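Trainee: Listed below are the residues making up each chain.
Protein chains: 2
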Amino acid sequence: MPRPGRKDELLEAAVTLFSQKGFHATTVRDLAEQVGMKSGSLYAHIATKEDLLEEIVMRSAEQFQAAVAPIVRSDAPAASKLRQAMAAHIRVVASDTGAATVFLHEWKALSPERHASVIAARQGYEELLAAIIRQGVESGEFRPVDESYARLLVLSVVNWVYQWYKPGGPLGPDQVADRFAELILHGMEP
Amino acid sequence: MPRPGRKDELLEAAVTLFSQKGFHATTVRDLAEQVGMKSGSLYAHIATKEDLLEEIVMRSAEQFQAAVAPIVRSDAPAASKLRQAMAAHIRVVASDTGAATVFLHEWKALSPERHASVIAARQGYEELLAAIIRQGVESGEFRPVDESYARLLVLSVVNWVYQWYKPGGPLGPDQVADRFAELILHGMEP
DNA sequence: CCTACCGATCGGTAGG
DNA sequence: CCTACCGATCGGTAGG
Chain A
0 MPRPGRKDEL LEAAVTLFSQ KGFHATTVRD LAEQVGMKSG SLYAHIATKE
50 DLLEEIVMRS AEQFQAAVAP IVRSDAPAAS KLRQAMAAHI RVVASDTGAA
100 TVFLHEWKAL SPERHASVIA ARQGYEELLA AIIRQGVESG EFRPVDESYA
150 RLLVLSVVNW VYQWYKPGGP LGPDQVADRF AELILHGMEP
Chain B
0 MPRPGRKDEL LEAAVTLFSQ KGFHATTVRD LAEQVGMKSG SLYAHIATKE
50 DLLEEIVMRS AEQFQAAVAP IVRSDAPAAS KLRQAMAAHI RVVASDTGAA
100 TVFLHEWKAL SPERHASVIA ARQGYEELLA AIIRQGVESG EFRPVDESYA
150 RLLVLSVVNW VYQWYKPGGP LGPDQVADRF AELILHGMEP
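Order-wise, the sequence lines are chains A and B.
If you're matching positions, the first sequence starts at 0 in numbering that gives the first Met the number 0 and goes up one per residue.
If you're matching positions, the second sequence starts at 0 in numbering that gives the first Met the number 0 and goes up one per residue.
Derived from the structure by calculation, the hints contain no laboratory data.
Values in this document were obtained by computation on a predicted structure and should not be read as measured data.
No incorrect hints appear here.
Quick list of in silico lysine to aspartate or glutamate cross-link-like pairs, EDC-like style, CA-CA up to 16 Å:
{"no.": "1", "chain 1": "A", "residue 1": "Lys20", "chain 2": "B", "residue 2": "Glu112"}
{"no.": "2", "chain 1": "B", "residue 1": "Lys20", "chain 2": "A", "residue 2": "Glu112"}
{"no.": "3", "chain 1": "A", "residue 1": "Lys107", "chain 2": "A", "residue 2": "Glu49"}
{"no.": "4", "chain 1": "A", "residue 1": "Lys48", "chain 2": "A", "residue 2": "Asp29"}
{"no.": "5", "chain 1": "A", "residue 1": "Lys20", "chain 2": "A", "residue 2": "Glu32"}
{"no.": "6", "chain 1": "A", "residue 1": "Lys48", "chain 2": "A", "residue 2": "Glu11"}
Stretches of chain A that chain B covers, calculated by requiring three or more beta carbons in the stretch to come under 8 Å of a beta carbon on chain B:
{"no.": "7", "segment": "134-144"}
{"no.": "8", "segment": "175-187"}
Ranges between beta-carbon positions, derived for each pair:
{"no.": "9", "chain 1": "A", "residue 1": "Ser79", "chain 2": "B", "residue 2": "Glu112", "range": "46 to 52 Å"}
{"no.": "10", "chain 1": "A", "residue 1": "Glu137", "chain 2": "B", "residue 2": "Gln122", "range": "38 to 44 Å"}
{"no.": "11", "chain 1": "B", "residue 1": "Asp50", "chain 2": "A", "residue 2": "Thr26", "range": "22 to 28 Å"}
{"no.": "12", "chain 1": "B", "residue 1": "Glu137", "chain 2": "A", "residue 2": "Gly139", "range": "30 to 36 Å"}
{"no.": "13", "chain 1": "A", "residue 1": "Gly4", "chain 2": "B", "residue 2": "Leu170", "range": "48 to 54 Å"}
Virtual Cβ for every residue (Gly too), placed ideally from N, Cα, C.
Between the sequences and the hints, there should be enough to build the whole structure, so can you do that?
Mentor: So, in C-alpha cells, the structure goes:
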C-alpha cells in the first residue's frame, strides 16, 4: 500500500543517483535503499526503472519551456529578452542541478522510442532562443549575425552551466546570466 | 597471441561504442563482437574494461592540450590566439567526434581514483584559455572583462560542439570557429 | 585467441 | 510494502 508522496521521494532519489552515477550505473537496489525500501517494493510505484528517467527528463524539459516561453512572447527589446531568457534558464538549472544534469546528460539512456519526444522538446526550446535572435536582427538591435550560430552560442553557454554551477557560490543565477549576456551582447573587444 | 594493431582496433571499437551507448551500457561482449573476437579474448589485450575508457580519455586530453598549447605560447595578438585556439579545439573534436564525446561525456564513469588526473588535465587546459583572455585584457586589446566568465563562455561553446557537430556538414571546423570567435569578440550589438 | 565457465549482480515478478 | 526468488547477463578467469 503506497503511502502518498512516496512517488515523489522516489523521483527525487532517482534525480540524485542518476545525476551522480548515471542511469545505467544506478541499480534498483540503490534506489530502494535511498528511499528506505526493499528493491522489489519499488515496483508498487513504477513499472520500470526507465519510467523514472523519462519522468525526470520530461518534467525538466517542461520547466525550461515554461520559464522561457513567456519571456519570448512578451514585448521587450531583444537584448532584454535575451538577458531574461538566459537568467530564467540558469535559474531552472540552479534550482535543481541534479534534474538539469539528468535532462542534459542522461536522456540518451532512454530507449530509442522515447528519444523522439525529448528531441522535439529540445527543438521547441531552441526555437525560442532563435526567435529572440531573429527579433533582434530584424529590428536592427543586433548586427546581422548568423542566426543559427548565435543561437548555438547562447545555447552552449546556458547548457554548459550544469557542468560547473554550484548553488551557494559567489554569484547567483541572475548574476551569472548577466555576466554572460553582457559578454555576448557587447563582445570582448572595446 | 595478439596480432599487432589489435589493441588500436579495440580502442577504436571502444570509442564508437562508448560514445554511442555510454560506458556502462557497453558490454565486453559488445566490444568483442565489434572487433571479431570472443569476449574472453579481449583480456589478452586489456586488464579491465575501464582501462579502455581511461586510455581514450587521456589520449583525448593530450590531443586538446597539444593542439592549443603552442598557440598560447606564440606571440600573436590575443584575438588571433583566441580564434586559433577555438579552431584548433574544434578541429580535434571534428577529427574524432566519438573520442571527444567519450572525453567530455563519459569520463565520469572512471572510478573516483582515476578522476583526479582527468580533472587536472582539464584544469590545465582551462588555464590555457584563461591565459589568452588575460593577455587580451592586460594589453588593452579586450575590454576589462571578468576573466573567469569569459573563459567559461569560450569553454562552453567549444565543449558543446561535440553535441551537435557532424563532419560533412556545411561548415568545416575552422569556419565554425570563425563564426563563434567573431560573435564573442564583437558581440551581437552594433 | 578460443572454449568453457564462474560468482555476482542485474531488473523485475509472484504471492502475500 | 516485504519475502523469496527467477532468468538473464554481467565482467572477468583458467587452461589450453
